[in-house]
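Asks: Next come the chains, spelled out residue by residue.
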Amino acid sequence: MNKHLPLIALIGNPNAGKTALFNALTGLNHKVSNYPGVTVERRVGKAQIESAMVNILDLPGTYSLIPESQDEAIVVDEVNQWTRMIGRPVCIISVIDSTNLNRNLYLTSQLLDLGIPIVVALNMTDLARKKSLKIDTSELQKKLGCSGVVSVAARLEEGIDDLKNAVETILNEKVPNKHSKMVPLPEPIREAIEPVSDWFRKQEHIHSRMAQAQALRAVSSNNDWQFEADGLSTLIKTAREKVNDFGFPHSTLEATIRYHWLDQIVPPTDMNIKTKTQSERMDNILTHPVLGPFIFIGILAFIFQSVFTWATIPMDWINNGVIIFGDGISGLLPAGILRDLTVEGIIGGAGAILVFLPQILILIFFLALLEDTGYMARLAVMMDKAMTLVGLHGRSVLPLMIGYACAIPGIMATRTINSWRERLVTILVTPLMSCSARLPVYALMIGAFVPEKQVWGFFGLQGLTLVLMYFLGTATALVLSIFFSRWIKAEHNRSFIMELPPYRVPMMKSILRQVYTRGKIFITDAGKIIMAISICLWFLASFPRNETDSRINPNLTYSYASKIGHMIEPVIQPLGFDWKIGIGLVTSFAAREVMVSTMATIYNVEDKGDKVISLTDALKNDVDPVSGKHVYTPLVALSLMVFYVYAAQCMATFAVVRRETNSWKWPLVMIVYMTGLAYFASLIVYQGGLLLGFS
Amino acid sequence: MFLTDLEPSQIGRIVCFKGSDESQVRLTEMGFKPEQKVRLIRKMAFNGPIQVRVRNCTISMRFEDAASIHIELNE
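One line per chain: the protein sequences are X and A, in this order.
Anchor point for the first sequence: position 687 equals 1068 in this note's numbering, and the numbering is continuous, going up by one each time.
Anchor point for the second sequence: position 15 equals 16 in this note's numbering, and the numbering is continuous, going up by one each time.
Chain X on its own, in the form it takes in the complex (with noise of 0.2 Å):
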């Protein structure tokens, strides 16, 4: 980011379309849903006004600048830096739903008073014609005293040129909002904050309206650690009994004195509120108190059966490709150590992660569809009691469904829960939802020892045994929520609110753009991630070279990679893995999927001919040289995935755990308390299911 170009900021309430414009306006493609609070952090990106770059920054979605949640704080941290003058921008987009103009618009009356120039853009303008709302955009200027309004449709990327004509004007006038006027504040309530408004406007430097408005907040916020400065709590106090004393309850003050004055100027909409509007009658059934649930378990069945069985077809092209391929280079090559190098190493490890990929982009295909058409937001409000018993919260159901995708996202997303002891436990569950890189290990498995059969009918035996190992992560990340809710003593906040957006029709483009940039990242990390480690297995597997012995695979036998397997193996025997999965666990710690690449370049080195062999098959034939037994038996693949479901494997989680709490202690928590489950629930399949009498 370059830090010499003027700033444009754009602010508005969670789901108002700030990051649909920000992508409009910088042509970047960041992610848009239909949920309030998508977006949890700041961004900057560039776009061109004219012949001028500006650099545009995008916010969380906040109803106020008093904020409830982690993600509100970013972006009233950052307002409160421009009143210190610090990073301050040229101008601010106010972004607003058109379909609910005067809630919209409580934020921007709060933004008004920061003297920096305001264009409105009134966002979903399509939307607000479909339900014949008609906004006159000079009259709502004037009455607002704002710089600019523009109407704007930013999913269809209407109306942009119009708000960077806007823009630029102000860019090359630098009129502030000239005619805004401060919200008319009662007398008597204007005397009762003054102390507290001399304050701000001496010890903080700041001019007097902003100063008034810093006041009205700081009498009718909840959070007075903020005001702790010397002698300002008391005047704080004074204030909010002065207040209370004309019969405002002080913590209703801004809200109450704001609405008055919007309420004159832009009455609200829709007064109509007999009106049952079509997202209602959706809800009549899906969020309906039997129906509702039963629906929910029949959209997770389903998409879970579908990974299994619409992936199966792009799946064996792309696993023939890369034997095609494996043999084209093959044939390529003079035989000897490059050669070995990148058939056996490089491409059928990498290769072998590749395959999954389309049961990867069928699942974030899925959860992107159940954010986009508004369900995730139901499904919020439906689990809340459900989730309260278990120590969670309803703002808690979205980041365990991101968490099937990738804890990483389904981590950040908990900053939208305004209770820290809440998100604290999810954190620390999230990991334990089956995430994708998961999931070419449970279909390694799957396909090789679950037999293809049908039951009852119309479920494959082989989704369902995925469908366990979703399920078993699950229900181990609520139970887990009941003891750790009951062990955190923290901060604790009993409400929850939450706006439901309207149903609509899901764009298409923004999800596929979702599928595409999450295949992206999947693809690259197989690219980097992956590749570096079955090059430097390849090595360890295939030295130091033994040429004396002649006997099954003296490569793989004295390879450096044996050794260290046999060294970790008598811990993992009684879980009844070998060494060659023993070094499939210690890369692992990489990330999850390398799993199925170690495993993959493995038997590939031990495979005397030249192809990349199907892994299927080599796991399916691995014979133990001593028992003459089968290393892998249905139980061993059982008690593997069961370890798979636990296990804490995942460098890049336990780092953006240490950032969202803040110190060691959670990311410490998690991997001792996740390693230990692992262990000993595969402990327990493994030699229980041989008590059992399986092999």
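Keep in mind that the hints are not guaranteed to be accurate.
No more than 16 Å apart at the CA atoms, straight line, and that leaves these computed lysine to aspartate or glutamate pairs for EDC-like [as the list claims (entries may be wrong)]:
1. X/Lys655 x A/Glu8
2. X/Lys657 x A/Glu8
3. A/Lys44 x X/Glu661
4. X/Lys890 x X/Glu538
5. X/Lys618 x X/Asp605
What the simulated footprint calls covered on chain A by chain X, stretch by stretch (three residues with Cβ under 8 Å from a Cβ of chain X suffice, anywhere in the stretch; the number is not a length) [as the list claims (entries may be wrong)]:
6. 9-19
7. 24-34
8. 37-43
9. 47-53
10. 63-74
No lab work stands behind these hints, which were simulated from the structure alone.
Just so it is clear, CB atoms sit at the ideal spot from N, CA and C, and this is done for glycine as well.
Since chain X is already given, all that's left is putting chain A on it; use the hints.
Replies: Chain A in isolation, oriented as in the chain X frame:
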């Protein structure tokens, strides 16, 4: 009566908040202020969150949050 006492489709007018609940600030910011009309859409089972229509949007809040809002029935 309180917001939680409304039946689905009934419309109430907000009178004031009870006590000093921590959700008061956010609720007023979202438009729940005295004289404001609200329509109850539905209540969830087991005193789960309720859904209401206010100022042209649909808001969901926990039963306990709604129980702090004094209303009177809008005739």
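Asks: Confirm or reject each hint.
Replies: Hint check results:
1. X/Lys655 x A/Glu8: Given pair X/Lys655, A/Glu8 holds - Cα atoms ~14 Å apart, limit 16 Å.
2. X/Lys657 x A/Glu8: The given pair, whose Cα atoms are some 15 Å apart, holds under the 16 Å limit.
3. A/Lys44 x X/Glu661: 13 Å, holds
4. X/Lys890 x X/Glu538: 12 Å, holds
5. X/Lys618 x X/Asp605: Holds, because 10 Å separates the two Cα atoms, which is no more than 16 Å.
6. 9-19: This one holds; 3 residues, not fewer than the three required, reach chain X with a Cβ under 8 Å.
7. 24-34: Our answer is that it holds, as 10 residues pass the Cβ test (under 8 Å) against chain X, meeting three.
8. 37-43: With 5 residues close enough to chain X, the hint holds.
9. 47-53: holds (count 5)
10. 63-74: With 3 residues closer than 8 Å to chain X, the region 63-74 of chain A meets the three-residue bar; holds.
The structure fails none of the hints (numbered hints given earlier).
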